[in-house]
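Since the structure of chain H is already known, use the hints to place chain P on it.
Number of protein chains: 2
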Amino acid sequence: MYSDRFSFLVQKLRLLPSVGSKSAQRMALHLLMRQRVGALELAQAITDAVEHIHECSVCHSLTELDVCEICLDTERDQQVLCVVESPADVFAIEHSGSFKGRYHVLHGHLSPLDGIGPEEVGIPHLLQRLSDGQIQEIILATNATVEGQATAHYLVEACRQLPVRISRIAQGVPQGGELEYVDSHTLHQALTHRLMLNQD
Amino acid sequence: MYSDRFSFLVQKLRLLPSVGSKSAQRMALHLLMRQRVGALELAQAITDAVEHIHECSVCHSLTELDVCEICLDTERDQQVLCVVESPADVFAIEHSGSFKGRYHVLHGHLSPLDGIGPEEVGIPHLLQRLSDGQIQEIILATNATVEGQATAHYLVEACRQLPVRISRIAQGVPQGGELEYVDSHTLHQALTHRLMLNQD
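Protein sequence lines correspond, in order, to chains H and P. Going by my numbering, the first residue of the first sequence is number 1, and it counts up by one from there. Going by my numbering, the first residue of the second sequence is number 1, and it counts up by one from there.
Please keep in mind that the hints were generated in silico from the structure rather than gathered at the bench. Note that CB positions come from ideal geometry on N, CA and C, so glycine has one too. Any given hint could turn out to be false.
What the simulated footprint calls covered on chain H by chain P, stretch by stretch (three residues with Cβ under 8 Å from a Cβ of chain P suffice, anywhere in the stretch; the number is not a length) [said to hold, decoys possible]:
| id | region |
| --- | --- |
| 1 | 15-22 |
| 2 | 28-38 |
| 3 | 42-56 |
| 4 | 61-70 |
Using C-beta positions, here's what the derived DEER-type ranges look like [unchecked claim]:
| id | chain 1 | residue 1 | chain 2 | residue 2 | range |
| --- | --- | --- | --- | --- | --- |
| 5 | P | G177 | H | M196 | 57 to 63 Å |
| 6 | P | I116 | H | R36 | 17 to 23 Å |
| 7 | H | T145 | P | E180 | 37 to 43 Å |
| 8 | P | I116 | H | T186 | 48 to 54 Å |
| 9 | P | E180 | H | M196 | 54 to 60 Å |
| 10 | H | E178 | P | R194 | 47 to 53 Å |
| 11 | H | L187 | P | E94 | 51 to 57 Å |
| 12 | H | R36 | P | R36 | 22 to 28 Å |
| 13 | P | S111 | H | T74 | 42 to 48 Å |
| 14 | H | A150 | P | A170 | 52 to 58 Å |
| 15 | P | D77 | H | R36 | 30 to 36 Å |
| 16 | H | Q134 | P | R36 | 28 to 34 Å |
Some residues of chain P that are not near chain H, with every Cβ distance over 12 Å (derived) [to be verified]:
| id | residue |
| --- | --- |
| 17 | R14 |
| 18 | M27 |
| 19 | Q78 |
| 20 | S111 |
| 21 | G115 |
| 22 | S131 |
| 23 | G133 |
| 24 | A150 |
| 25 | R160 |
| 26 | V173 |
| 27 | S184 |
| 28 | T186 |
| 29 | A190 |
Chain H with its partners taken away, still in its complex shape (with noise of 0.2 Å):
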């Protein structure tokens, strides 16, 4: 019933997250019937954004450039470097701007069972990153999921050896949460590291 190019279309689709077969029928449809000047659009800014947008040299982020703006840029503090697990980390905190130090992107997180050690999830370069002396204090801001933890886990312990702070975001009550509507490890988390108002 469907034409080859359309069940390829279809099938490559399916590539993006989030997206089954139902939903890739539609994008097909929606793009052949009502975009199709913005569909080759698309497909531009696809092939552009592959061959110009790959991993900084120095922090593994995304950019256009050999080391990105923010690796680049002196007004930030060299001393302190803040380790997550993806380029879309470093966009959520760059929003909030509340980091003005550097960043260091691993390939995700440990995940033995999938085979994804130390190694592949690129600790040997952060380490020999830390080991010029420079960076003074390593912010450990990996997913506060169970795979996170034990990768902040790990880099604590690797990192035990250097001359360096190592600190772990906080964990607690989002914003606008309702105690009612809190994880009961959440609340656990939020009362034992609660905050002294009256004492410093």
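Just chain P, lined up with the frame of chain H:
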């Protein structure tokens, strides 16, 4: 923060239906981090599809040929024409295997408030196709939405002078439907158009 090409890719991914800025960013990162080869194949598939897939000159469904395979198939009943709103509906009906006539695909449904009238939807072309007298019955298979019903209603009036039978697909409780959860309009239709089981 984003590079220009990254922003452009995110913007173009938003052309896809139901893709907002957050999803588009996630898709862009996924393509750049995990699917660089697949991304180029996707770009090629989009370009190929737009260059080779177009409307069938007879029924306005999508095809890579001048006239689509369904229109060319001499085994199919030439006397019954099923009128639908989009090529997706042709796919769905073909998938059900319950129709062996031919199709006519409108460009969506009538929507006077958006300036979409009979001309924009392609009704003159349908009437022209009916004028050669070969078609004996047209099945109105526009959606069971307010707009689809209005379009079907308009077509009944437009075809009143033609020597063709006009039918509308049945409305009622869908397979697996529990009466408790079926809306009252559907129940009304199901009761009004109930089938007699012990009479011819």
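Hint by hint, here is what the structure shows:
1. With a threshold of 8 Å between beta carbons, the proposed coverage of the region 15-22 of chain H by chain P holds, since 4 of its residues qualify and at least three are required.
2. Evaluation of the coverage hint for the region 28-38 of chain H: fulfilled, as 9 residues show C-beta separations to chain P shorter than 8 Å, against a requirement of three.
3. Here's how the region 42-56 of chain H fares: 11 of its residues keep a CB closer than 8 Å to some CB of chain P, so the rule of at least three is met and the hint holds.
4. Here's how the region 61-70 of chain H fares: 3 of its residues keep a CB closer than 8 Å to some CB of chain P, so the rule of at least three is met and the hint holds.
5. At roughly 59 Å, the beta-carbon separation of P:G177 and H:M196 lies within the given 57 to 63 Å, and the hint holds.
6. Distance hint check: the CB atoms of P:I116 and H:R36 are about 18 Å apart, consistent with the given range 17 to 23 Å.
7. Range check, H:T145 to P:E180: Cβ separation about 39 Å, and the 37 to 43 Å hint holds.
8. For the pair P:I116 and H:T186, the beta carbons lie near 50 Å from each other, so the given range of 48 to 54 Å is met.
9. For the hinted restraint 54 to 60 Å between P:E180 and H:M196, the CB-CB distance of approximately 55 Å keeps it satisfied.
10. Between H:E178 and P:R194 the Cβ separation comes to about 49 Å, which falls inside the hinted range of 47 to 53 Å.
11. At roughly 54 Å, the beta-carbon separation of H:L187 and P:E94 lies within the given 51 to 57 Å, and the hint holds.
12. Judged by the Cβ atoms, the range 22 to 28 Å given for H:R36 and P:R36 holds: they are separated by roughly 26 Å.
13. The hinted window of 42 to 48 Å between P:S111 and H:T74 is violated, with their beta carbons roughly 57 Å apart.
14. Distance hint check for H:A150 and P:A170: the Cβ-Cβ separation is about 57 Å, which falls inside the suggested range of 52 to 58 Å.
15. Between P:D77 and H:R36 the beta carbons are some 32 Å apart, a value that agrees with the proposed interval 30 to 36 Å.
16. For the pair H:Q134 and P:R36, the supplied restraint of 28 to 34 Å holds, since their beta-carbon distance comes to about 32 Å.
17. A beta-carbon of chain H comes within 12 Å of the beta-carbon of P:R14; the shortest separation is about 9 Å.
18. At roughly 5 Å, the least C-beta separation between P:M27 and chain H is not larger than 12 Å, which violates its mark as non-interface.
19. Every CB of chain H is more than 12 Å from the CB of P:Q78 (nearest about 19 Å), matching its label as outside the interface.
20. Here P:S111 stays apart from chain H, with its beta-carbon at least about 14 Å from theirs, past the 12 Å limit.
21. At roughly 15 Å from the closest C-beta of chain H, the C-beta of P:G115 stays outside 12 Å, upholding its exclusion from the interface.
22. Taking the minimum C-beta to C-beta distance to chain H, about 26 Å, the non-interface status of P:S131 holds against the 12 Å cut.
23. At the 12 Å boundary, the C-beta of P:G133 stays outside the reach of chain H, the nearest C-beta of that chain being 29 Å off.
24. Against chain H, the non-interface label of P:A150 holds: every CB pair exceeds 12 Å, the least being about 21 Å.
25. For P:R160, the requirement that its beta carbon stay farther than 12 Å from each beta carbon of chain H is met, with the minimum near 30 Å.
26. Under the 12 Å C-beta cut-off, the non-interface status given to P:V173 relative to chain H holds; the minimum distance is some 23 Å.
27. Separation of P:S184 from chain H is adequate, the least Cβ-Cβ distance of about 28 Å exceeding the 12 Å criterion.
28. No Cβ of chain H comes within 12 Å of the Cβ of P:T186; the nearest lies about 22 Å off, and the non-interface call holds.
29. No Cβ of chain H approaches the Cβ of P:A190 within 12 Å, the least distance being about 26 Å, so the stated non-interface status holds.
Hints 13, 17, 18 from the list above are not met by this structure, while the remaining hints are.
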